[in-house]
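S.K.: Each chain, letter by letter, is given below.
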Amino acid sequence: MASAAAATATASGEPPSLPTLLLIRRVDASFAAALRERFSVLDFFASGEPLPAFLAAAGVAPDPPRAAIVMGGGPVRVDAAFLDAVPSLRCIVSTAAGVDHIDLHECARRGVAVANSGRVYSADVADHAVGLLIDVLRRVSAAERFVRRGLWPVQGDYPLGSKLGGKRVGIIGLGNIGSLIAKRLEAFGCVISYNSRKSKDSVSYRYIPNVYDLASESDVLVVACALNKETRHIVNKDVLEALGKDGVIINIGRGANIDEVELIRALKEGRIAGAGLDVFENESEVPTELFSMDNVVMTPHVAVCTSESRSDLRDHTIGNLEAFFSGKPLLTPVLL
Amino acid sequence: MASSAAATASGEPPAILFFRRPGAPFNAALRQRFRVLDFLASGEPLPVFLAAAAAAAPDPPRAAVVMGGGAARVDAAFLDALPSLRCLVSTAAGVDHIDLAECARRGVVVANSGTVYSADVADHAVGLLIDVLRCVSAAERFVRRGLWPLQGDFPLGSKLAGRRVGIIGLGNIGSLIAKRLEAFGCIIHYNSRRQKGSVSYKYFPNVHDLASESDVLVVACALNKETQHIVNKDVLEALGKEGIIINISRGANIDEGELVRALNEGRIAGAGLDVFENEPAVPAELLSMNNVVLTPHSAVFTLESRSDLCDQMIGNLEAFLSGKPLLTPVLP
Numbered sequence: 002m003a004s005a006a007a008a009t010a011t012a013s014g015e016p017p018s019l020p021t022l023l024l025i026r027r028v029d030a031s032f033a034a035a036l037r038e039r040f041s042v043l044d045f046f047a048s049g050e051p052l053p054a055f056l057a058a059a060g061v062a063p064d065p066p067r068a069a070i071v072m073g074g075g076p077v078r079v080d081a082a083f084l085d086a087v088p089s090l091r092c093i094v095s096t097a098a099g100v101d102h103i104d105l106h107e108c109a110r111r112g113v114a115v116a117n118s119g120r121v122y123s124a125d126v127a128d129h130a131v132g133l134l135i136d137v138l139r140r141v142s143a144a145e146r147f148v149r150r151g152l153w154p155v156q157g158d159y160p161l162g163s164k165l166g167g168k169r170v171g172i173i174g175l176g177n178i179g180s181l182i183a184k185r186l187e188a189f190g191c192v193i194s195y196n197s198r199k200s201k202d203s204v205s206y207r208y209i210p211n212v213y214d215l216a217s218e219s220d221v222l223v224v225a226c227a228l229n230k231e232t233r234h235i236v237n238k239d240v241l242e243a244l245g246k247d248g249v250i251i252n253i254g255r256g257a258n259i260d261e262v263e264l265i266r267a268l269k270e271g272r273i274a275g276a277g278l279d280v281f282e283n284e285s286e287v288p289t290e291l292f293s294m295d296n297v298v299m300t301p302h303v304a305v306c307t308s309e310s311r312s313d314l315r316d317h318t319i320g321n322l323e324a325f326f327s328g329k330p331l332l333t334p335v336l337l
Numbered sequence: 032m033a034s035s036a037a038a039t040a041s042g043e044p045p046a047i048l049f050f051r052r053p054g055a056p057f058n059a060a061l062r063q064r065f066r067v068l069d070f071l072a073s074g075e076p077l078p079v080f081l082a083a084a085a086a087a088a089p090d091p092p093r094a095a096v097v098m099g100g101g102a103a104r105v106d107a108a109f110l111d112a113l114p115s116l117r118c119l120v121s122t123a124a125g126v127d128h129i130d131l132a133e134c135a136r137r138g139v140v141v142a143n144s145g146t147v148y149s150a151d152v153a154d155h156a157v158g159l160l161i162d163v164l165r166c167v168s169a170a171e172r173f174v175r176r177g178l179w180p181l182q183g184d185f186p187l188g189s190k191l192a193g194r195r196v197g198i199i200g201l202g203n204i205g206s207l208i209a210k211r212l213e214a215f216g217c218i219i220h221y222n223s224r225r226q227k228g229s230v231s232y233k234y235f236p237n238v239h240d241l242a243s244e245s246d247v248l249v250v251a252c253a254l255n256k257e258t259q260h261i262v263n264k265d266v267l268e269a270l271g272k273e274g275i276i277i278n279i280s281r282g283a284n285i286d287e288g289e290l291v292r293a294l295n296e297g298r299i300a301g302a303g304l305d306v307f308e309n310e311p312a313v314p315a316e317l318l319s320m321n322n323v324v325l326t327p328h329s330a331v332f333t334l335e336s337r338s339d340l341c342d343q344m345i346g347n348l349e350a351f352l353s354g355k356p357l358l359t360p361v362l363p
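Chains as they are written, first to last, in our numbering: chain A, 2 to 337; chain B, 32 to 363.
Chain A on its own, in the form it takes in the complex:
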């Protein structure tokens, strides 16, 4: 039902019109329906137009949009040009936890509020990270391929994997997701250390001030940090060297958190032992060298993808928009 505070009544006494919303994300039917009940939706992907033309048209519409839903990690960047094209925008809602596609400084400069998906995905991403870790260490998908190819009767046992208990796991970024990963891995007997911008007094895990040292004292490195200027290629050649030939890396952050070229070289040359990757520098492109590696597990950016969190995301996004349109504080604002 449309929020009464958000509707604008017209002078002729017609039913109040719904506030205009820019939609720059593909959404499923139920999300689309929920949005159309509440907003007058300008849908970029449905328009079929190039983005600049679409934004320009939106910018000069009779009731231009004050809010936009923008997908995370996609080709669309909310930058100065974007904001110049639609000066009516006062609120950007990202459907990702990550906001690396949004120029936060530009938004702040113009007083444009930004919201993200908060904790909606956090448990699912953490679960997937642990799933990738178990898969790499215990060779689940590789053993699966072995069985499906009919090799079990022919070649006998599949090579042994490695125990989780006692493994030193270094988490880069102990935010919502990193903390949930840590809690899960503790139940398996892993030993948790972390690197974060600041150490967190509320946790008992060991804080290591730089990623290189974290890597040298870890058997498994988990990338769970946001992508920004400081964290781009935070896992670089040096960090991979420090992780070492028995080390494993798991990435559920952003592809660009790791120097992908160096990672592939390190895997090819056996300088690290394996990797579990849900994100890549140039999705949906996955470097083909990885396809022949049995010690790598690759998933197509699905850490966030459960039907439950899709519906949670829909509710949460609408929650942020309704808060904005009724002049209330955003549910999950992103501050600089």
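Calculated from the structure, these hints are not laboratory results.
Treat the hints with caution; some may be incorrect.
[Said to hold, decoys possible] Example chain A residues on the side facing chain B (calculated, C-beta under 10 Å, incomplete):
#1 V148
#2 R150
#3 G151
#4 A188
#5 K238
#6 V287
#7 T289
#8 E290
#9 M299
#10 P301
#11 H302
#12 R315
[As the list claims (entries may be wrong)] In silico DSSO-like links for lysine-lysine, alpha-carbon gap of 30 Å or less:
#13 A:K201 with B:K210
#14 A:K184 with B:K227
#15 B:K227 with B:K210
#16 B:K190 with A:K184
#17 A:K168 with B:K190
Glycine included, every Cβ here is placed at the ideal spot set by N, Cα and C.
Following the hints, put chain B in place on chain A, whose structure we already have.
M.R.: Same frame as chain A, but now just chain B:
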């Protein structure tokens, strides 16, 4: 180095019967301490091998290392053929290949692997569960076939938190599985021979009721007469079309024919299976299903726990041979 307490009167290391696939690393560790009579390496039929062992000089074997689910069943005929045998060490937690009643009758003591790899099995069970719910291996196949750029998004998986997990058998392994899944926000239910006062999980006196109140059924019980096909057609019906089943126990705990039918007909949603009724044969219908995850009985070992197993097996043998209590006895 042979334990001096275990040396025979002849001064030679004691003879140990060995029933395990050749090439196993603990073969080497055993040979350092004992004279190993290796059944599979002999290439002989079992009765011939046992008769030769009974006549082995200078002394016939008093102990045997027997692989789980493997080459030999230790039954009355086996024990008759080798009356010198007083101790059996199973390399598995499971002892379904050993007739415990016959052993007890004859005063033959039995040891198993204790809890040496319980954590590994539990870890693998959780890995299978996450894989089935979150489609990890299926998503992997999608990527490796180059379908991501072509087909775009992969179908959605299912959240773990809030899922009711029904564990059949809350022993060492079942308890470790429960502890891990609690960290993901799963709700634990269980069935066991007897309710356990020390846990807060909800107990179900029968597996059918457990299945009807579970989203995921995990088979973590021993295989014996009572638990053969404990997951049968009724239990699969009770689990229902959104339910999934994980098996890290023995293939025969599940009626495999019924399971395959239920999967084929969409009467359950998916399965994660590390064990099968007739290993290494896997029902062909499963090989083309995207909602099953199949591993080749690899839950059992990791490099680390295999070496722990080796130490423990030798520990059990040396305890027996020096007249001390077994480290991990199995009581009938």
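S.K.: Determine for every hint whether it applies to the structure shown.
M.R.: Status of the hints after comparison with the structure:
no., hint, verdict
1, V148, "holds, 5 Å"
2, R150, "holds, 9 Å"
3, G151, "holds, 8 Å"
4, A188, "holds, 4 Å"
5, K238, "violated, 25 Å"
6, V287, "holds, 6 Å"
7, T289, "holds, 8 Å"
8, E290, "violated, 12 Å"
9, M299, "holds, 5 Å"
10, P301, "holds, 4 Å"
11, H302, "holds, 9 Å"
12, R315, "violated, 13 Å"
13, A:K201 with B:K210, "holds, 26 Å"
14, A:K184 with B:K227, "holds, 26 Å"
15, B:K227 with B:K210, "holds, 15 Å"
16, B:K190 with A:K184, "holds, 17 Å"
17, A:K168 with B:K190, "holds, 26 Å"
Of the numbered hints listed earlier, those contradicted by the structure are 5, 8 and 12.
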